[in-house]
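Peer 1: Given the coordinates of chain A, work out where chain B should sit on it, guided by the hints.
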Amino acid sequence: MVKVTVCIGSSCHLKGSRQIVEELQYLINKNNLGDYVDLGGTFCMGKCGSDGVSVTVDGDYYALKPENVMDFFSDVIVKKIPQ
Amino acid sequence: MNDKKTLRKFDTKVQYLQYKVLREVARNAFNDTLLEKVTDIPKTIIPGNTPTMRCCVYKERAIIAERVKLAMGGNRSNPNVIEVIEIACDDCPAGGYEVTNACRGCLAHRCEDVCKRNAITFDHQQKAHIDKSLCVECGQCAKVCPYSAIVSRRRPCENSCKVKAISVNENKAASINNEKCIACGACVYQCPFGAMIDKSFILDVIDMIKKSDGNRAYKMYAVVAPSIASQFTYAKLGQVVTAIKELGFFNVVEAALGADMVAYKEAEELVEKGFLTSSCCPAFVDYIRKQYPELEQHISTNLSPAATIAKYIKSTSAPCKVVFIGPCTAKKMEFQRPEVRPYIDSVITFEELQALFDAKGVDIEHLREGVLDNASYYGRIFARSGGLTDAVAQALKEQNTQGFEFNPVACDGIEACRIALAKAAKGVLPNNFIEGMACVNGCIGGAGCLTHGEKNKTEVDAYGREALEKSIGDAISVLNLPSSDKA
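Just so you know, the protein sequences line up as chains A and B, in that order. For the first sequence, this note's numbering gives the first residue as 1, with consecutive numbering after it. For the second sequence, this note's numbering gives the first residue as 1, with consecutive numbering after it.
Here chain A stands alone, though its shape is the one from the complex:
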């Protein structure tokens, strides 16, 4: 199980966390990965200054922009799923 946490605090919300959450939910469902990816939210990761929405994948931190979600999904999240 890959644990993905998206920050939904004010700062990230304004940078597009809703779009990111919706797109990740869509991609997880489309690829039938619901049993492999645990998507969650949290209020603030303390990195409000970053250039993008704060996201962690199994504890690793990323600053993600809404337009890069698709690549992020295939390059980072899917690769962490045990084959």
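Everything labelled a hint here was simulated from the structure, so no lab data went into it. Among the hints, erroneous ones may be present.
[Stated by the list, open to error] Listed below are the simulated DSSO-like cross-link pairs for lysine-lysine, each with C-alpha atoms no more than 30 angstroms apart in a straight line:
hint, chain 1, residue 1, chain 2, residue 2
1, B, Lys457, B, Lys311
2, B, Lys314, A, Lys65
3, B, Lys470, A, Lys65
4, B, Lys360, A, Lys47
5, B, Lys245, A, Lys65
Peer 2: Just chain B, lined up with the frame of chain A:
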């Protein structure tokens, strides 16, 4: 501290005095000097020998000492959060309608004609007198007197208490009946002598901040009520958010996001049950429980917006502590209820927040602007009367509810609530939804507000329009996520 500048932040000098007490208590608590300095606070606030408020500085200091006790949590054996400082009560006249010496002894005697109880008599100079054994205090005589010579001598506290919880005790001081009191705080705001005060939990909050060890031991979350938009108007809202973080909070979240969640669920519940009252205002809910227990089954089962969002924060961001900051004294009762206690750790008012800022020397006007954006327009307008109704109407629209006619009544103030509830109890209320707000104008009229102005409603609406999310569904879509602490 420039006192004149600070005074401008408050409606009355009573609030300002109360603020100074809270500030001194908080300052000492932050500095770990409260234990040694607590008995010095009255003299710090009332220096010198010249009294400015009461008969002598000794009485003034004695009253301040009582205020200090309340700022430190008050009488723990009294479950009510509203208390009377007996020595501060001025024993105002409470005789009801009286004829003053403005009576000119006219010929018309309108007062006599209008009095259905024949309580008005005249002396040999034709001056009116009221027979108190017959008078029922209807006030008709006062209305018709062309000289306004008849006045009502009612205590401001009793006058403000629409649930009739205040009476005069054997010492002529005001006394609160806890069986009736809904902790709305109307008396706190109205008493011109500052004798009715809400207990403060600022020491609990300061203690939580300290023990969080800079948010390392656990994170401190502030949930702020949307009425904050009408407060702290000397600074930008973003600066207030930064100031709250400067106090030691990890993050600030809008209670309005909880309001979005509540509106959505309340709309579903209303369609299912057919008749509902709101559950957002703790004083209104308490009023139903105390005065109309037969209607309790119709109260929405939702937690209040603050408790709803606090529950979500606790489920996603543990370990953490949640402090609600708002305009409301009744919230100080609500968070102690068993169904809310696990989610909200403490409650303070805007008045108390201002005291904390100044105790810590936070220079709000020169801070950078933080951001506060979680909720939709609809969640934010919960702060004013009618907003909740608008939000539920919007939620019904977003849910595409077919064949359900929404027929709400928005009750502005506890008196309006009483009228709607009395009708509902008799089965003659034509509406299927009661929005109950104990304070007139809604939360922006709350006793814990720094200022109560004409512009407050406009400011809340403007703040609502600034929200990034325009619909309730969009605002709450991110919350459908499972908790990040699972798995």
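Peer 1: Does each hint hold? Answer for all of them.
Peer 2: Here is how each hint holds up against the structure:
| no. | hint | result |
| --- | --- | --- |
| 1 | Lys457/B to Lys311/B | 28 angstroms, holds |
| 2 | Lys314/B to Lys65/A | 27 angstroms, holds |
| 3 | Lys470/B to Lys65/A | 21 angstroms, holds |
| 4 | Lys360/B to Lys47/A | 25 angstroms, holds |
| 5 | Lys245/B to Lys65/A | 26 angstroms, holds |
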